[in-house]
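**Student:** Heads up: the sequence lines are chains E and R, in that order. Okay, so the first sequence: first residue is 1 according to the UniProt record's numbering, each after it adds one. Okay, so the second sequence: first residue is 1 according to the UniProt record's numbering, each after it adds one.
To be clear, the hints were calculated from the coordinates, so they are not data collected in a lab. Some hints here could point you the wrong way.
[Claimed, not checked] Pulled a few chain E residues facing chain R out of the computed Cβ check, cut under 10 Å:
1) T91
2) F148
3) A320
4) C324
5) S341
6) I344
The structure presented is a predicted model; accordingly, all values stated were derived computationally and were not measured. Each residue gets a CB set at the ideal place from its N, CA and C atoms; glycine is no exception.
There are 2 protein chains.
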Amino acid sequence: MTDRIRDFLRSRRDDGPCMVLDLDVVRDNYASFAKALPDTRVFYAVKANPAPEVLDLLARMGSCFDTASVVEIEQVLATGASPDRISFGNTIKKERDIARAFQLGIRLFAVDCEAEVEKIARVAPGSKVFCRMLCDGAGAEWPLSRKFGCVPEMAGRVLEQAHRLGLVAYGLSFHVGSQQRNPLMWDGALRSASTIFKDLAERGITLQMVNLGGGFPTKYLKDVPAVKAYGQAIFRSLRKHFGNRIPETIIEPGRGMVGNAGVIEAEVVLISKKSEADTMRWVYLDIGKFNGLAETMDEMIRYPIRTEFDGDATEPCVLAGPTCDSVDVLYEKDPYELPLSLEIGSKVLIEGTGAYTTTYSAVGFNGFPPLRSYVI
Amino acid sequence: MTDRIRDFLRSRRDDGPCMVLDLDVVRDNYASFAKALPDTRVFYAVKANPAPEVLDLLARMGSCFDTASVVEIEQVLATGASPDRISFGNTIKKERDIARAFQLGIRLFAVDCEAEVEKIARVAPGSKVFCRMLCDGAGAEWPLSRKFGCVPEMAGRVLEQAHRLGLVAYGLSFHVGSQQRNPLMWDGALRSASTIFKDLAERGITLQMVNLGGGFPTKYLKDVPAVKAYGQAIFRSLRKHFGNRIPETIIEPGRGMVGNAGVIEAEVVLISKKSEADTMRWVYLDIGKFNGLAETMDEMIRYPIRTEFDGDATEPCVLAGPTCDSVDVLYEKDPYELPLSLEIGSKVLIEGTGAYTTTYSAVGFNGFPPLRSYVI
Numbered sequence: 001m002t003d004r005i006r007d008f009l010r011s012r013r014d015d016g017p018c019m020v021l022d023l024d025v026v027r028d029n030y031a032s033f034a035k036a037l038p039d040t041r042v043f044y045a046v047k048a049n050p051a052p053e054v055l056d057l058l059a060r061m062g063s064c065f066d067t068a069s070v071v072e073i074e075q076v077l078a079t080g081a082s083p084d085r086i087s088f089g090n091t092i093k094k095e096r097d098i099a100r101a102f103q104l105g106i107r108l109f110a111v112d113c114e115a116e117v118e119k120i121a122r123v124a125p126g127s128k129v130f131c132r133m134l135c136d137g138a139g140a141e142w143p144l145s146r147k148f149g150c151v152p153e154m155a156g157r158v159l160e161q162a163h164r165l166g167l168v169a170y171g172l173s174f175h176v177g178s179q180q181r182n183p184l185m186w187d188g189a190l191r192s193a194s195t196i197f198k199d200l201a202e203r204g205i206t207l208q209m210v211n212l213g214g215g216f217p218t219k220y221l222k223d224v225p226a227v228k229a230y231g232q233a234i235f236r237s238l239r240k241h242f243g244n245r246i247p248e249t250i251i252e253p254g255r256g257m258v259g260n261a262g263v264i265e266a267e268v269v270l271i272s273k274k275s276e277a278d279t280m281r282w283v284y285l286d287i288g289k290f291n292g293l294a295e296t297m298d299e300m301i302r303y304p305i306r307t308e309f310d311g312d313a314t315e316p317c318v319l320a321g322p323t324c325d326s327v328d329v330l331y332e333k334d335p336y337e338l339p340l341s342l343e344i345g346s347k348v349l350i351e352g353t354g355a356y357t358t359t360y361s362a363v364g365f366n367g368f369p370p371l372r373s374y375v376i
Numbered sequence: 001m002t003d004r005i006r007d008f009l010r011s012r013r014d015d016g017p018c019m020v021l022d023l024d025v026v027r028d029n030y031a032s033f034a035k036a037l038p039d040t041r042v043f044y045a046v047k048a049n050p051a052p053e054v055l056d057l058l059a060r061m062g063s064c065f066d067t068a069s070v071v072e073i074e075q076v077l078a079t080g081a082s083p084d085r086i087s088f089g090n091t092i093k094k095e096r097d098i099a100r101a102f103q104l105g106i107r108l109f110a111v112d113c114e115a116e117v118e119k120i121a122r123v124a125p126g127s128k129v130f131c132r133m134l135c136d137g138a139g140a141e142w143p144l145s146r147k148f149g150c151v152p153e154m155a156g157r158v159l160e161q162a163h164r165l166g167l168v169a170y171g172l173s174f175h176v177g178s179q180q181r182n183p184l185m186w187d188g189a190l191r192s193a194s195t196i197f198k199d200l201a202e203r204g205i206t207l208q209m210v211n212l213g214g215g216f217p218t219k220y221l222k223d224v225p226a227v228k229a230y231g232q233a234i235f236r237s238l239r240k241h242f243g244n245r246i247p248e249t250i251i252e253p254g255r256g257m258v259g260n261a262g263v264i265e266a267e268v269v270l271i272s273k274k275s276e277a278d279t280m281r282w283v284y285l286d287i288g289k290f291n292g293l294a295e296t297m298d299e300m301i302r303y304p305i306r307t308e309f310d311g312d313a314t315e316p317c318v319l320a321g322p323t324c325d326s327v328d329v330l331y332e333k334d335p336y337e338l339p340l341s342l343e344i345g346s347k348v349l350i351e352g353t354g355a356y357t358t359t360y361s362a363v364g365f366n367g368f369p370p371l372r373s374y375v376i
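Chain E extracted, bound-state conformation (with noise of 0.2 Å):
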């Protein structure tokens, strides 16, 4: 929460939910990585917050882009970055988007096997390629499944064939996890990186460079540690498998970049209980799991909520959406301490949510218009 937040929505007039991010934290968040790691080049997770304003702030900082579709693409263009600023991140394109994106000058893909390879040498030829691989994502809150990548040894020859196909086998990437909380888990997919590395070597392929991914956290509830922190373990693995030759590296920072910038101003609708006996009070939020808070989904994020009447005698809530789909509940096997004093029409602001909320919205359910977004 910042005074500029606070300031602006004392003046606010509209109704209904809304996030408020403010550009400064951002500012502050790509200084801290760019001084954290400063031979790691800054690709923003564009997924994470693709408003024009953040794009805009990031370009004259000098960040690079991951990007998730062509859609991503051409709004990072929109901001006069130049294509070689931008990385066409997801590792599941259609070959039609791979030829578009080649056309506005994309040069960088993820791909994760064979058959991505075969499709970018088919319409992006010379292109640079990097091989995602496999990586447990033990710590993190936001764990990822096995959805993206490929066991290190299947990487090393996925890279074998997009040089074969004449495309460069650039290097590799992983990802440790959304929201990682523990600085020393990158060191075991550097380890497995460099394997590949020394492996391709000895076969004539030197690859360039590797990604580091995402995975930065932003404080929600629980401290993290400073991302200083990551710098120096990441510094240190690097220099620990890779020794005086140390690849060019990057970063993916979307949560990490935008996620503590925001907050989400929302109202108390109703409160009630389901029995008079009951001792637990339900209640309902006119923001919900389907008008931005979808990570509340198996109640894996646990937002920080500010009320008027913090500091009174508090009592587990659950805590729910407005609409009228049952599984629009927020915070239930764990219930969320509020106020008794909080009151139906009372104001909550919802701390940590500049990421992964505004586009996650749904376009209508129930009727209900997607979350509305102020950048400032």
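Since the structure of chain E is provided, determine the placement of chain R on it from the hints.
**Tutor:** Leaving out everything else, chain R in the frame of chain E:
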């Protein structure tokens, strides 16, 4: 799948996934409900699919409408249906939305606690209210949480309070769970309802209506009983618990009205394995949890998928969506049997997708547009 949908898709030239909905099927479904429950008024659950063509058709056929928000109320009024055919069926409403609905002519509201009754008494004086009772959702594929409703004893007191505040204590509602495959599940709730009818009658309050909710299933992979079986089972329970004084009844089908009217056409973007020894293939589509298939959450709804290779040998596959989000996996715990001959670029048809797909779609997660829909 209907011939009309097949013909439409054959001539379609747009790119990207889409949902095609055949109004003839909706017409048949409405007629089946009307025939199976001849003394029951049908309130279509607009949230299942608010496409104007669907609302227009149902309005012309005489349907009433269950709405979740002021926007949905306005969508129904746009068909020319009069406000007395609309229920504001969300138990979680802002007081200013109740006031707005009242201005629009709405006089029928759902409640499940005293605080909601107070709001309605203040801004929608004299309206009818019905109280939602909690109901065990056993047997449902999309079971409802405890989010809506209160225990039956409390429901009686909530209606008494409505009466005291000058509202019409109109009746009770319950919901046996979405995609409810057991027609006998209405019996227990009707028994509870009849007890409350008797209790309140003794205090001079005459309830008139039982809202039997939704829950009527659409056929996905498993066979479901015909709507006629539901009509018979419900009528038997009404007779058993209410004798000769059967109240007015309404039903709120959503999925049962439009689910089987829609088909999604999607494309295979990638087929890969995670290691060379892996026996499990990953099949990635251009549609996933964030652009239409949200109901695959926890693998709850399992849609039938048709391919041009049906009949060929199959193998279990993990099925996933196109976004860079690791939770965008449709079926993994219980992999999906798909033909070995399926290829990158193949089209697949996902059946039973007329309900809870288009509006659940994210505004633009990863830059992917919301699901396009055609109503024919």
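**Student:** Among all the numbered hints in the text so far, which are the ones the structure does not match?
**Tutor:** 5
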